[in-house]
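In case you want the letters, here they are:
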Amino acid sequence: MIKIGKYILYDMVRNRFVMAYTFFLLLVTLSMFSLDSDPGKSTISLMNIVLLVVPLVSIVFTTIHFYNSYEFMEMLLAQPVHRKTIYFAEYLSVSIALSVAFLSGVALPLCVFNFNESTLYLILIGVMLTFIFVALAFAASVATRDKARAIGIALLFWFYFAIIYDGLVLYIIYTFSDYPMEKVTLSLVSLNPIDLARIVILLKLDVSAMMGYTGAFYQNFFGSGGGIIYSLLIMIVWILLPLLIAHRKFCLKDI
Amino acid sequence: MITIQELNKNYGKLQVLKSIQLNFLQGRSYAIMGPNGSGKTTLIKSILGLVIPNSGSIQVKGKSIHNDWKYRSHIGYMPQIGHYPDQMCIGQLFDMMKDLRNDFTNVDEDLIREFKLDQIKDKRMHTLSGGTRQKVSAALAFLFRPPILVLDEPTAGLDPMAAEALKEKIVLESTNERTFLITSHVLSDLDDLTSELVYLNEGSILFNDSIDMLKELTGEQKLSRAVASIIRNIPISMQTV
Chain A
1 MIKIGKYILY
11 DMVRNRFVMA
21 YTFFLLLVTL
31 SMFSLDSDPG
41 KSTISLMNIV
51 LLVVPLVSIV
61 FTTIHFYNSY
71 EFMEMLLAQP
81 VHRKTIYFAE
91 YLSVSIALSV
101 AFLSGVALPL
111 CVFNFNESTL
121 YLILIGVMLT
131 FIFVALAFAA
141 SVATRDKARA
151 IGIALLFWFY
161 FAIIYDGLVL
171 YIIYTFSDYP
181 MEKVTLSLVS
191 LNPIDLARIV
201 ILLKLDVSAM
211 MGYTGAFYQN
221 FFGSGGGIIY
231 SLLIMIVWIL
241 LPLLIAHRKF
251 CLKDI
Chain B
1001 MITIQELNKN
1011 YGKLQVLKSI
1021 QLNFLQGRSY
1031 AIMGPNGSGK
1041 TTLIKSILGL
1051 VIPNSGSIQV
1061 KGKSIHNDWK
1071 YRSHIGYMPQ
1081 IGHYPDQMCI
1091 GQLFDMMKDL
1101 RNDFTNVDED
1111 LIREFKLDQI
1121 KDKRMHTLSG
1131 GTRQKVSAAL
1141 AFLFRPPILV
1151 LDEPTAGLDP
1161 MAAEALKEKI
1171 VLESTNERTF
1181 LITSHVLSDL
1191 DDLTSELVYL
1201 NEGSILFNDS
1211 IDMLKELTGE
1221 QKLSRAVASI
1231 IRNIPISMQT
1241 V
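Here the protein sequences line up with chains A and B, keeping their order. Letter by letter, the first sequence follows residues 1 to 255 in our numbering. Letter by letter, the second sequence follows residues 1001 to 1241 in our numbering.
Hints are computed from structural coordinates only; laboratory data are not their basis. Here the structure is a predicted model, which means the values were calculated and not measured. For glycine and all other residues, C-beta sits at the position ideal for the given N, C-alpha and C. It cannot be assumed that every hint is accurate.
Which bits of chain A does chain B cover? Going by a derived footprint, with three or more residues having C-beta under 8 Å, they are [claimed, not checked]:
id, segment
1, 3-10
2, 112-124
3, 247-255
Listed next, with one range per pair, are the computed distances between beta-carbon atoms [unchecked claim]:
id, chain 1, residue 1, chain 2, residue 2, range
4, A, 117, B, 1081, 50 to 56 Å
5, A, 3, B, 1161, 34 to 40 Å
6, B, 1225, A, 145, 37 to 43 Å
7, A, 117, B, 1011, 52 to 58 Å
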């Protein structure tokens, strides 16, 4: 697996898109810190951008990459190599390449400008979101043979998690506001990795004003430490679930 | 070498392979022919494990290929259109394949020399023309001296010199007890290269015997005419075109 991963990674790192992504993240991070003199505020603005951009780029790039390397996978599959090996090598190398881009674009300048515990969490969350959305992109890609449809499904995932989901949750809470909704809200948050990521960072930054109803309850329910561990665990589930579902499908797929 | 029993494959409602029974013997060269969409590529991909059949069994060297992957070290495959990682150089690609198979010494680099690929080994894959890619695919298929070679449209896209070199290589290797499965629409190529013919039509086998037998049955001297007479003998209802 390491052998194959090494070659895929080599191909990815030279890819212009990954370099452009790194450069873009670097630009955003630097401009955030030059715009605002308070590093805490810049970290929050940066977080909002990371929560939108990282999932979007991860899911779209991975889907396109999957289809572009379709024939390469076909070639590898004709060699004496296990399908499982190819699948996980692909997954790991895409995730690692995008994580390296994220680390050098965001983590490096963050460590220079404003290194503390909360930025460390921002970095961790960025890497985890990359792994989650690459896994979701694999699930979208193995579901269909058609590249356009797969990109459509991938974008839908992103729209749903990044934009529609919050509205949906608000609507549910508003509709059922006469009932005790705390536990329901809590479980609803677990269904969205981006929300989980946001809560982890906000709990860490201790800015309950920005967390709203759910966040406040969350903090109350778990205390900061427990909430963070719970969120991180659920995020790991969010990596494994789509990854393993897609793996099952990939092993039975006609190439 | 390869035994196929009751192989069925359907894509949705479309049945692509209908209870195929085949036996490919060691040291023989088989031409797999049939009109477009008759199931040739699906058959080849089933043997390679790229397509998972709905039912039936395939055995390579006496072992079922179901849930196995090691058997593919016996097979060299040249796809119809080869795609490789864009940023990889030709030299790196060959090194990667050797690395994957853990085989660095017992390799057959005749075709690499013949096609002069060693002189352009620093060229990136995405800068190569379609024909050069075909040369790379062909060289890769022969690289590890596999006992079974599966060539899907080997001469399509190659210039006449390269096509001739590849054909010479195939003829040379078929004397070495290797089994060849070749699909092609260029009948004159198949006439020189293969001794057996499997003719598929709409997923069923119409003819499976030696080419000499076919010529005798039809009374024709050229493969193209003999094949034309098979097609003529298909009942109208079964014809695709």
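So, going through the hints one by one against the coordinates:
Counting residues of the segment 3-10 of chain A whose CB lies closer than 8 Å to any CB of chain B gives 5, which reaches the minimum of 3, so the coverage claim holds. Check on the segment 112-124 of chain A: 0 of its residues sit with their Cβ under 8 Å from a Cβ of chain B, so the three-residue criterion for coverage is violated. Residues of the segment 247-255 of chain A lying with their CB closer than 8 Å to a CB of chain B number 4, which satisfies the three-residue condition for coverage. Between residue 117 of chain A and residue 1081 of chain B the C-beta distance comes to about 53 Å, which sits within the given range of 50 to 56 Å.
For the hinted restraint 34 to 40 Å between residue 3 of chain A and residue 1161 of chain B, the CB-CB distance of approximately 35 Å keeps it satisfied. The hint said 37 to 43 Å for the Cβ distance between residue 1225 of chain B and residue 145 of chain A, and at roughly 39 Å that hint holds. In this structure, residue 117 of chain A and residue 1011 of chain B meet the distance hint of 52 to 58 Å, their C-beta atoms being roughly 54 Å apart.
Hint check: a violation occurs at hint 2 only; the rest are consistent with the structure.
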